[in-house]
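Counting from 1, position 471 in the sequence shown corresponds to residue 471 in the numbering used here; the numbering is continuous, with no gaps.
Treat the hints with care, as some may be off.
Claimed, not checked - Think about it this way: if two alpha-carbon atoms lie no more than 25 Å apart in a straight line, the pair counts; the simulated DSS-like pairs of lysine-lysine are:
(1) 286 to 244
(2) 244 to 213
(3) 358 to 244
(4) 213 to 286
(5) 423 to 358
(6) 244 to 260
(7) 191 to 213
(8) 204 to 191
(9) 358 to 213
(10) 423 to 191
(11) 213 to 260
(12) 260 to 286
(13) 191 to 455
Derived by calculation from the structure, the hints in this document are not laboratory data.
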Amino acid sequence: MSDPVHERYMGAVNRLLSLADFERKSRANQPPDWHLRRVERLMEMLGNPHLAMPVIHVAGSKGKGSTCTMIASGLTAAGLRTGLYTSPHLHSFTERIRVGGENMSKSDFAGLIDELWPLVSEIEQQGDLGVVSVFEMLTAMAFVHFRRINADFAVIETGLGGRLDATNVVDPEVSVITPISLDHVRVLGDKVSLIAREKAGIIKPGRPTVVAKNHAAAWEVIRERAEEVGSEVVGACATVAMSKSDDALSTDLRQEFVLKRWNAPASFVSDSALRTPPDPGLVDVKVRSSLLGSHQIDNSRTAAATLNVLYQQGHEFDVNAAIRGIGDVSWPCRCEVVELDEWPPIILDGAHNDASLKALRDTLRTLGAISGDGNMNGHSGLGLTTQYVLVLGATEGHQFETMARELATSALRTIATQSRHPKSSPANHLADVGRRHGLAFSVRPSVSEALQEAKQLAKQNPEVRLIVVTGSLFVAAEAREHLLDINPEIYEDLRQPYMLAYEADRTAHSKIANRRN
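Build out the structure end to end from the sequences listed, making use of the hints.
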């Protein structure tokens with residue numbers, strides 16, 4: 001039976017994807033045109049919805065999505081109506097625009113595209129600023145939606161970089177910079193300092209900036225930019241101490257730790273009297289989070305520092321309740337553990353660059369899957385055996401030679417695969433990289449086939465009790481769809497001729513050919 005709401009929604013999504021799309025490269029004849037003038041004009045035509053509520057603006061190479069979600073979760077736990085804008089999505093475009101942890105409805109999404117489309121067409125007809133991009137359109141939709149529902153706060157994640165990102169039209173209450181590492185080097189530069197310069201472009205005059213644990217080269221650039229515009233820099237790890245026990249994982253695979261009361265920077269103390277938290281007796285806050293890994297604890301510290309800065313700015317909410325709310329986060333495909341009948345435990349993680357893959361490696365060590373020297377050990381406090389099968393994919397523009405060495409060395413077998421995303425790297429390419437390093441790689445042209453091979457390997461090798469799927473958020477998302485029986489959104493651009501090189505589903509290709517005949 002047809003669903004008119006879904007049909008209208010998919011029609012709107014395909015209309016959206018007819019715009020310039022540099023995330024998916026579905027209009028490859030249109031080179032990126034990086035500036036803010038076009039989105040500024042669109043915002044002005046809409047009555048500047050980005051100025052209608054306090055904004056927390058977050059940039060970084062690693063952990064920015066998790067940090068955004070933690071901040072939004074904390075504000076929601078404190079009783080505030082909180083909008084959250086992130087990218088990319090896993091299964092549906094509606095995931096990108098959320099309020100109170102709930103996706104925007106398909107009906108509202110389609111309605112906003114219809115509502116904004118005349119303005120998009122007008123900008124293109126004016127001819128002086130080019131065409132609106134998919135990301136610019138989504139950014140405008142998010143702010144219109146947040147204004148419409150009278151959001152108390154909006155937490156906004158940059159898409160790429162920061163300085164010229166479409167989200168950088170905001171005047172944030174606080175800017176947040178998560179760890180910076182080599183990522184998108186073709187666009188942002190091949191040095192941490194160059195990438196940091198782009199990320200630091202979100203720092204605004206007179207607005208505080210919370211900075212996560214970072215490379216010394218990044219810190220130098222961030223401090224220089226902050227001093228230039230008069231922004232107070234708050235080090236997240238310097239102001240939010242934490243503690244955890246040796247056995248920091250609960251039996252239900254939740255990470256437990258304590259975030260200490262905020263140690264305010266000296267400048268906050270000297271400039272104005274600090275506000276007393278709603279519960280002066282609550283010195284430390286215990287957090288139980290489903291997000292695993294020490295990097296997620298660092299992201300929690302960044303979120304807690306941001307919440308404290310907002311509180312000290314005079315925003316009325318229970319900051320302790322907000323910090324406890326950090327643990328309420330649900331953020332799939334970030335070291336997500338999926339347990340199903342007839343399968344070993346499966347870890348889905350969207351790690352895609354050297355830094356995030358090292359974080360995944362360290363998390364696997366915590367689980368007992370990898371020893372400190374990179375070899376498999378014989379013990380796991382969680383009952384997971386030491387050997388695992390690795391399912392690996394990549395997206396063009398991300399480095400993956402180091403990735404192949406970091407995780408595949410310790411795997412029983414690595415299966416190279418690719419997602420249906422237009423920028424997915426060919427599985428054969430990944431396998432060739434691995435084999436050059438003497439690693440045992442097999443190739444499966446679709447994620448579902450790769451998972452079936454991994455499952456079979458686990459059956460044939462009883463010592464294998466873990467499957468790890470990583471290398472690309474899109475590969476992890478497709479694995480999640482397969483495992484949890486989630487219907488994916490298949491967009492019209494996936495049916496265009498350049499996708500015929502994707503060999504994941506020969507039956508689908510046959511149907512395309514039949515439709516053309």
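Name the hints, by number, that the structure is in violation of. Going through the list in order, the structure violates hint 13 alone and respects the others.
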